[in-house]
Each structure stands twice: as structure tokens, then as C-alpha cells.
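K.L.:
Here are the chains, one letter per residue:
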Amino acid sequence: MNSDPSLPPKSSVKPWNDPRVRSAVFQILAILAVAWVGYSLFQNTLTNMASRGISTGFGFLDSSAGFGIVMSLIEYNESMSYGRTFFVGLANTLLVSGLGIIFATIVGFIVGVLRLSNNWLIARLALAYIEIFRNIPLLLQIFFWYFAVLGTLPSPRQSVSIGEVAFLNLRGIVLPKPIFEAGSGAVGIVLIIAIIISLAIARWAKRRQAATGQFFPVLPVSAALILGAPIIAYFALGSPIGWDVPALSGFNFRGGITVIPELGALLLALTLYTASFIAEIVRSGIISVSRGQTEAAAALGLPPRRVLRLVIVPQALRVIIPPLTSQYLNLTKNSSLATAIGYPDLVNVFMGTTLNQTGQAVEIVAITMAVYLTISLSISMLMNIYNRAVALKER
Amino acid sequence: MKKTLASISLATAGLLTLGMQAQAATLEDVQSAGELRCGVSTGLPGFSQPDSDGTWRGIDVDTCRAVAAAVLGNADAVEFVPLTAAERFTALQSGEIDMLSRNTTWTTVRDASLGLNFTGTNYYDGQGFLVKSELGVDSATQLDGASVCIQAGTTTELNLADYFRANGMEYEAIVFDTSEQSVSGFDNNRCDILTSDTSQLAALRTQLSDPSSAVVLPEIISKEPLGPVVRQGDDEWFNVVKWVLFLQINAEEYGVSMDNVDDMLSSDNPNVQRIVGTAGDMGDLLNLPADFGYQVISQVGNYGEMFERNVGPDTPIGLSRGVNALWTDGGILYAPPVR
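These protein sequence lines are chains A and B, in that order.
So for the first sequence, UniProt numbering puts the first residue at 1; every next one is plus one.
So for the second sequence, UniProt numbering puts the first residue at 1; every next one is plus one.
Keep in mind that the hints were calculated from the coordinates and are not lab data.
No residue lacks a Cβ here, since even glycine has one placed at the ideal position from N, Cα and C.
Among these hints, one or two may not hold up.
Unchecked claim - Covered stretches of chain B, as calculated for chain A (at least 3 residues, CB under 8 Å):
| id | stretch |
| --- | --- |
| 1 | 76-89 |
| 2 | 135-148 |
| 3 | 159-168 |
| 4 | 185-195 |
| 5 | 223-236 |
Stated by the list, open to error - Among the chain A residues that face chain B by a calculated CB cut under 8 Å, a handful are:
| id | residue |
| --- | --- |
| 6 | Gly53 |
| 7 | Ile54 |
| 8 | Gly66 |
| 9 | Glu78 |
| 10 | Gly342 |
| 11 | Asn348 |
With the hints as extra help, turn the sequences into a complete structure.
P.N.:
Right, dumping it as C-alpha cells:
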């Protein structure tokens with residue numbers, strides 16, 4: 001026999017009996033039904049809102065907002081539009097999420113490694129940290145940092161002075177603000193060059209180590225370069241950056257940059273809460289690397305710190321990255337709890353004040369959901385790309 | 001599978017058409033449910049707050065009870081739905097509540113673009129400032145550079161911005177989700193000022209750990225007519241809620257009160273007769289029982305009684321009538337006649 005007996009003879013099957021045709025038809029029908037339901041819901045909402053005299057549309061984004069926002073990374077004042085308040089809120093959300101992810105990762109990795117320490121006391125302390133912060137609701141932790149810890153700072157008139165240039169009080173930390181004068185651009189260029197050189201050194205050191213096994217202290221050299229070069233350039237160019245030092249006037253400090261305590265409390269709570277989960281993820285990742293790897297590395301004469309960095313962590317990352325992505329997503333979404341303590345994030349500003357002033361609930365909630373979805377999907381995508389880079393490459 | 005799909009589609013279509021019908025005829029809905037669902041605040045002394053027994057008390061609460069007395073003949077047939085400032089309009093628009101009585105300011109935007117109607121004013125308020133006394137401030141014009149604690153989703157936020165801009169002053173607004181959180185922010189010294197309607201400032205001041213540490217400034221920076229709200233497009237219900245409040249104000253004007261309403265049933269004064277329902281056909285016209293006026297006054301009282309009981313000088317809030325006095329007493333309370 002030439003033909004494959006498992007394939008049915010083509011002509012004898014009616015299309016409605018062909019499983020492929022049937023499954024395709026049903027899938028198309030299902031998609032059409034979902035689309036129809038979605039479209040009806042959309043139309044129904046519009047019709048109902050119109051019949052009840054509720055305004056719809058996105059025209060409100062252009063009208064003047066008229067309310068103040070305590071902290072803005074972009075230029076903002078009351079005469080700007082509601083659309084602008086969206087970007088102010090978005091920038092604040094991205095700031096707290098971005099910083100939170102960085103700090104939570106650092107703290108989480110350190111605690112996760114300490115948790116496995118041979119030192120009994122250190123391991124127990126790390127365990128206590130993880131169990132305490134992981135098991136208390138995040139909102140309570142935010143309130144704790146905001147009201148119980150930062151709330152005990154002195155009032156502006158009794159501020160804690162740090163070298164007479166920075167001040168710590170209930171209203172936050174007031175820092176001197178750099179004023180860039182002519183020639184300050186050169187300092188920036190020196191900084192960028194220093195970073196590029198450091199990256200090149202790191203690359204070279206890695207290659208050399210792979211080829212010869214010789215180790216080069218990249219971290220201290222880069223740190224000295226990145227910090228030192230701009231400082232030398234700064235003084236060589238005759239101090240082209242001035243400082244606007246804050247001074248007490250009236251109720252508060254004027255001038256300088258104020259980091260509001262709401263940001264501090266939220267960042268602390270998000271960092272410590274998420275770090276406790278990341279620590280456990282890191283621990284599971286490290287344990288997943290077989291003990292033989294550590295022993296083999298030790299047998300080769302690698303010191304413990306380099307065993308961790310060169311042998312264990314790269315292999316552990318394969319286990320760590322996927323659940324770590326979930327923690328990053330959680331942190332970003334949890335940042336919306338900001339509204340409880342008045343940090344002006346997207347939910348507080350846009351879905352709070354803007355929604356209330358305009359009453360355009362459907363549009364604003366839809367925009368806000370779309371934004372969180374976009375942020376989360378972007379984080380997932382970036383982490384998936386990174387995951388592919390560190391994943392086991394089977395050759 | 002086809003069958004399942006078909007039934008799901010049918011069910012969804014049914015839901016959608018249901019959504020279309022779920023408007024208008026609020027009066028019939030309330031009558032058939034035997035209960036009025038009324039949106040109130042999450043806790044504001046004098047306006048709407050549960051007492052130690054869990055019974056809701058306040059002038060906004062009494063406004064709901066008066067409507068329930070008129071429609072159902074029972075002032076206690078109310079289900080109170082506590083709402084934050086941010087939730088209130090959506091709850092009313094979606095039909096979760098039948099009326100909103102939650103110290104809500106009547107503004108153009110709210111009246112015109114939210115599909116809502118304000119039925120009147122049950123308290124004329126204005127925005128003021130509560131300031132730490134240690135700062136030694138005695139006028140709002142000295143507040144340049146201050147941090148201000150404020151509740152989200154209120155007209156207060158806009159008034160504050162307008163006032164500081166108009167006077168060329170800077171400020172820092174710390175926006176909290178609820179009134180309680182803004183008070184604790186102020187109590188913790190996060191802010192120099194707490195701003196809200198003056199009626200609330202008096203009440204909120206009593207909640208501070210040391211009430212004498214703060215003073216209310218004399219300036220009133222805005223007009224805040226607070227009143228009940230209903231959905232737009234249901235004129236019958238709009239009339240009912242509107243005229244219950246007007247009736248209470250008229251009752252005070254003609255001296256009809258909880259104590260004397262039974263005697264007033266035999267009154268010769270035609271104005272009084274129309275209020276208690278012994279003359280005229282006001283009940284019929286409003287699709288309410290003929291004795292709805294009697295029920296409202298005997299169970300809840302006239303406007304003056306409602307005021308004295310909840311926010312008057314003998315209560316912890318201790319507000320005087322001020323502009324909320326009857327027009328005959330030098331106030332601005334003036335209701336159209338019952339006739």
C-alpha cells in the first residue's frame with residue numbers, strides 16, 4: 001500500500017463531519033458571540049448613559065483641572081488640563097514602582113542569601129524578617145510606616161538638620177537643589193564617559209576571566225571611576241553647579257527639593273513587603289542548584305563569594321526569574337494603595353480627584369485599567385526577554 | 001456546545017434589556033420593596049453617623065427618614081448605604097440607591113453632566129479652615145506656604161486651589177481618601193491646616209486628640225449648598241423628594257411640629273390643613289398617600305426640629321441657625337408654598 005491508512009479518503013467525508021472544519025466553525029462562532037456581547041455591552045452603556053443625561057466621551061481631558069497636586073515630576077499647575085493630571089499621576093506611579101522594584105530586588109537578594117547563611121543568628125534574623133513582613137497585610141504596613149514611624153518626626157520648625165543643607169521633618173526631607181550653570185554640561189558628559197568606560201571594563205574583565213581565569217575587581221574600579229571622574233571634572237571646571245539650599249520661611253521650608261513622607265512610607269512598605277517574598281524566591285533558587293556545583297567550585301579553589309556570584313547565582317536565576325516577574329507585577333499593582341495615605345499616584349489623582357470633579361467614571365476607570373494592564377504587560381515582556389537570555393541553553 | 005452558546009447569548013441579551021428597563025419609576029420600586037435605600041456618608045457627626053446603638057443619626061439621615069415616612073408611612077423603613085465621596089454619584093447613577101443624602105454640594109457640573117438632579121438644600125454651608133493654634137494665625141490670608149489636609153473627591157479641593165491662587169499664595173495639598181484619614185493627618189502634624197465645610201470642621205475638631213490645639217478661622221471661602229440628589233429622568237420621584245423637604249420647611253414656617261401635629265389636624269388655617277393633608281389633594285398629585293405630610297411631621301418633625309436635634313446649639317456640634325434660619329427670621333430658607 002502506498003497511501004497512509006490512518007488518513008481517511010478525502011472525498012468520502014462531509015465537511016460537517018470533518019473535525020477540523022467543525023472546530024474552526026465553532027471557534028469562529030465563539031469569537032463572534034464574544035465580540036457581539038462586548039459590542040452590545042458597549043452600545044448599551046452608551047445608550048443608557050445618554051438616556052440618563054450622563055455626559056460621555058473624552059472631551060473632559062482638555063478642560064482645566066483647577067486642583068493642586070502635592071508632588072509632580074513634570075511641570076504642573078492648577079490651570080493645566082485633566083489630561084495633564086493623568087500624566088502627573090502616571091509619572092508618580094512609575095516612580096514609586098520603579099524605585100520599589102530596584103530596592104525590593106536588592107533587599108530581597110541580600111536577605112535571601114543571608115537566610116541560607118551558616119551563621120545561626122544571621123539566618124534566624126533573616127527568617128524573622130521574612131515571616132514578619134510577609135504575613136502582615138500591606139495596607140497595615142503602609143499605615144505603620146506613615147503614621148507610626150514617619151509621623152513621629154519633628155515639625156518643620158524643629159527639623160533635624162543634616163549639615164545645615166538638608167532637613168528632615170514631618171513634611172519630608174528637604175534637599176538642596178542643583179542649579180546647572182554654564183559648564184555643567186561637561187560634568188554630565190564626563191559622567192556618561194565614565195559609565196561607558198566602566199561597562200567596557202566589565203566586558204573586558206569577563207572575557208579575560210573566561211579565557212585565563214584571572215579575576216579583575218570590576219566593582220570597586222567602576223565605582224571609583226563613576227564617582228571620582230565627575231567630581232574631579234566639577235572642581236577642574238570651577239564648580240559650575242550651584243546649590244539652592246532650603247531655608248525655613250513661614251510654615252515650611254522654601255527652595256530645594258522636597259521628598260514627601262508619603263513617598264517614603266509607601267516606598268518603605270512596598271520594598272520591605274515585596275522583598276520578603278523575593279527573599280524566599282531567591283532562597284528556593286539557590287537551593288535548586290545542586291550541592292555538587294558548590295563543592296566542585298570550592299574544589300577548584302574559588303573563594304565562597306565568587307562561588308556564589310559565578311556558579312550559584314547564574315544557575316539559580318533560571319528558577320528565580322519567572323516568580324520574580326510576578327512579584328514585580330504585584331509591587332506595581334500594590335502601589336495603588338498609595339491613595340490611602342495621600343501619595344498622588346495615578347489612582348489617587350486621576351481615578352480619585354479627576355474622576356470626582358468630572359464624574360466621567362466609565363472613561364476614567366477604563367483608562368486607568370488600560371494603563372495598569374500596559375505597565376504590567378511591559379514588565380512581563382521585559383522579564384521574559386531577560387528570562388530567555390539567562391535560561392539554560394541546550395546545545 | 002451550540003446549545004450552551006445560544007442559551008448564554010439569550011441570557012446576556014435578557015440582562016442587557018433588563019439594564020434598559022431599570023430606570024424611572026423609582027417611586028413604584030420603593031413602594032413595592034417597602035424600603036427606601038438612601039446613600040449617606042461613612043460617618044460625619046450631625047449629618048450622618050451611626051450612634052452607639054448602631055442607629056443612624058443626623059440631618060441627612062432625617063432627610064431620608066422623612067421621604068420614607070411620606071412614601072411608606074414609616075420613617076424607619078430606610079436602608080442606609082454608607083458611601084465615600086468618590087462612590088456616591090456612581091451608586092446613585094447605577095440604581096444601587098434610590099436617593100443620595102450625603103452632604104453633597106450642588107454645582108453646575110454635577111447637576112448638568114452626571115445625570116442627576118439636586119432636589120433642594122437641607123443645609124447651607126461654606127468652606128473654612130481649621131488651623132493649629134500654635135502657629136498663631138488669625139486670618140486665612142496668612143496661610144502662604146501651608147500644607148493642607150483635605151478629603152478626596154470634594155468641591156473643597158477646587159475651592160482651596162481657587163482661593164490660594166486668587167490670593168497669590170502657595171500651598172501643598174495632601175489628599176486623603178476619607179474624612180477620618182485627613183483628620184489623623186492633621187492631628188499628626190502632617191498639615192498645618194485642615195479644610196472642609198465649616199459645619200464639619202466643628203465636628204471634626206471634637207475628634208482631635210487635643211481639640212484646644214486647633215482653631216477655626218473666620219473666613220468662609222465658598223458657597224456649599226448641601227442637599228439630597230436623585231437620578232435625572234424620573235420626574236415623579238424628583239417631585240416627591242423635593243416636596244418632602246419643602247413641606248418640612250413650610251411646616252416650621254406655619255408652626256406645625258412633632259408635638260402639635262395631632263392638634264393641627266383640626267386646625268382652621270388652610271395653609272396648615274394643606275400641610276397635614278386635611279385639605280387639598282397634595283398627596284394625590286404627588287402619587288403619595290393623602291396623609292403623607294402628617295406622617296413626615298409626626299415621625300421626623302419640621303425642618304427646625306430636624307436641625308436642632310442633629311446640629312443645633314444643644315448638640316455636640318453646636319451650630320447656630322445662621323443663614324439656615326427661615327426667611328422670616330432673617331435667614332435664606334424659603335420654600336415654595338404648599339398649594
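K.L.:
Now tell me, hint by hint, if it's right for this structure.
P.N.:
Results of checking the hints against the structure:
| no. | hint | in the structure |
| --- | --- | --- |
| 1 | 76-89 | holds (count 3) |
| 2 | 135-148 | holds (count 6) |
| 3 | 159-168 | holds (count 5) |
| 4 | 185-195 | holds (count 5) |
| 5 | 223-236 | holds (count 3) |
| 6 | Gly53 | 4 Å, holds |
| 7 | Ile54 | 4 Å, holds |
| 8 | Gly66 | 5 Å, holds |
| 9 | Glu78 | 5 Å, holds |
| 10 | Gly342 | 5 Å, holds |
| 11 | Asn348 | 6 Å, holds |
Against the hints set out earlier in the document, no violation occurs for any number.
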